[in-house]
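*Asks:* So the chains spell out like this:
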Amino acid sequence: MTHDIWIYIAVASAVTLAIKILPLTLIRGEIKNVKIRSFLHYVPYVTLAVMTFPAIIHATQSPISGGLALVTGIFAAWKGASLFQVAVLCCTVVFVAELFI
Amino acid sequence: MTTDNRQALMDGFRDGIPIGLGYFVVSFTLGIVAKYVGLNPIQGFVISLLNNASAGEYAAFTVIGSDAPYFEIALLTLIANARYVLMSTVLSQKFSPDTPFYHRIFVGFDVTDEIFGISVARGGRWLNPFYNYGAMLTALPGWSIGTALGIMAWNFFPASAISALSVALYGMFLAVIIPPARKDKIIGGAVAVSFLMSYLAETFLPEISAGNRTIALTILIAGAAAILYPVKENDK
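Residue numbers (the numbering used here), protein chains in the order written: chain A, 1 to 101; chain B, 1 to 236.
It is worth saying that the hints were derived from the structure and are not from the lab. Heads up, a few of these hints could be off.
To be verified - Cross-link-like lysine to aspartate or glutamate pairs, in silico, EDC-like; alpha carbons within 20 Å at most: (1) A:Lys79 / B:Asp184; (2) B:Lys94 / B:Asp113; (3) B:Lys183 / B:Asp113; (4) B:Lys232 / B:Glu202; (5) B:Lys94 / B:Asp4; (6) A:Lys35 / B:Asp184.
Said to hold, decoys possible - Per the computed footprint, the stretches of chain A lying under chain B, defined by three or more beta-carbons under 8 Å from a beta-carbon of chain B, are: (7) 2-8; (8) 15-27; (9) 37-45; (10) 48-58; (11) 61-74; (12) 78-92.
This one's a predicted model, so the numbers in the text were calculated from it and none came from an experiment. By construction, the Cβ of each residue, glycine as well, lies at the ideal position given by its N, Cα and C atoms.
The following block holds chain B by itself, in its conformation from the complex (with noise of 0.2 Å):
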């Protein structure tokens, strides 16, 4: 390994210390609930370590919950995760033409909004790959282990508890869309008519299975949103 290699990892694993408490925290009360459809420690730890995706896990344990088909799982999943199409493709355009092809699988193995965050905060004209795995080195096995460990000790937490914690993954949510939501309208606009359409079509249609509202409401509304109000080029 280069210096420079050696150095990124170096970095990338002190910049995913704080990732890797916080994934910690929040996948802990991710087990909750995949205790609570069904899953066994070691299904939580594996679906954790290949998913890594709060938002995405979520969804897809509604769907288990409610014994979908397997297909509704894939769009939901799809939906839930769709944003990680974008991170990936920006950091696609990161890659310097003398880094070897099989670095691209690597790093794309673990995309999450933190990480994404930080190799892209770190600036830079390239991406050097060693300091996503340094942030991996943090941010895998504390969402994994955590997974695994909300998922065993469920028993030993009382009623208040586990009420109180099953609020976190929905606290991480409102920390990802609140802030933009207030610098710009349209996202604001987005998220209020998201909460008051999601409360309705709860109220009247309770038929419907909360995964399957969840794509039917962001295909409409992103898509609505997309049509009336497209970002141009240079918005991001």
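If we strip away everything but chain A, and leave its shape as in the complex, we get (with noise of 0.2 Å):
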């Protein structure tokens, strides 16, 4: 480690608080640049898409429960369970597959 993880911290802290800050009190009209505002419409679900997977594989003891649990997060999101009932049926799928792995 050669990085100091205090210094980590001002940098993520300093960029994720301008962003939530500025906006609100710099911007007053409508961005109206199409192209913008529709990189910034996709680029939540890409994102959080690309560090989903394959990571949640890599994620459990095993790529089966990882992979079970997946299936069954987009499974239950799609059939509209809640942000918190996905994210408990995920561990609960990893905790019961692992029993008979």
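Once you've looked at the hints, go ahead and assemble the two chains, each given alone in its own frame, into the complex.
*Replies:* What follows is the structure, encoded as structure tokens:
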């Protein structure tokens, strides 16, 4: 570890707070540029998808339980389960699956 | 404090209770990741208090874990939290001209998916910042204390429990991306392409760090979607 964790935290926090606070304080009118609006519109879904898979199958003790959690989570979210319900369900699936693996 | 403001504060607090509880559980598992990359409980508390962002913090932890340069954590935090630019912009339109300027800073301090959701869902032409402050009273302690406890409790948990809890965060991500992917074919396609390309990139280009992979694929896929399928003004 050659980098300081406190500096990492300071940099990440400064960026996050700037993102959250600057538009609220600086932008009074609406963003008109369609390309920028569209890019910002798609960014969260792509980022979260890329971070979820395949990381989820490496997070667990066995890739099988992680894979089952992924499939179950997609199914539950598709059926309209809440954020909290999906998270708990994924954990339960991994816990139960690993009793048998 | 006026009666209106006190009422808004109470409403926000009430609506924030399930948010705070959910945050506590999810941030607890985030704390497990934080511990894994070397954060102590105080560091976990501070980063969660100042960021209050699951994807952003998770992204930051992947950078810390790979001991990458500082600019990488800045860039990845920027990408992972880019959606807050949209939310903060939307909220900027809901401030009455009579509301003092400093309220914009305090409301901006804790823009999260859930607080944004309930404050927009509350309706009305203007936003009362005290409603957001009420919700923050549960959200901020839930998130930051949960992270610190996750870091502290790591040692007391058996491997099977850690393994199970470690997917909570991914479950939360799925709950955010899947419902819009179901409703909107373009988003659904973008999510499917993201899964596929992330898998291919990890398999065939393993030397690229997880953080850089996220940045590159986000710019590539979201950029392509924005050019091919621009969102019209009234599609939001």
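*Asks:* For each hint, tell me whether it holds in the structure or not.
*Replies:* Here is how each hint holds up against the structure:
no. : hint                : result
1   : A:Lys79 / B:Asp184  : 15 Å, holds
2   : B:Lys94 / B:Asp113  : 16 Å, holds
3   : B:Lys183 / B:Asp113 : 18 Å, holds
4   : B:Lys232 / B:Glu202 : 34 Å, violated
5   : B:Lys94 / B:Asp4    : 17 Å, holds
6   : A:Lys35 / B:Asp184  : 18 Å, holds
7   : 2-8                 : holds (count 6)
8   : 15-27               : holds (count 11)
9   : 37-45               : holds (count 9)
10  : 48-58               : holds (count 9)
11  : 61-74               : holds (count 7)
12  : 78-92               : holds (count 14)
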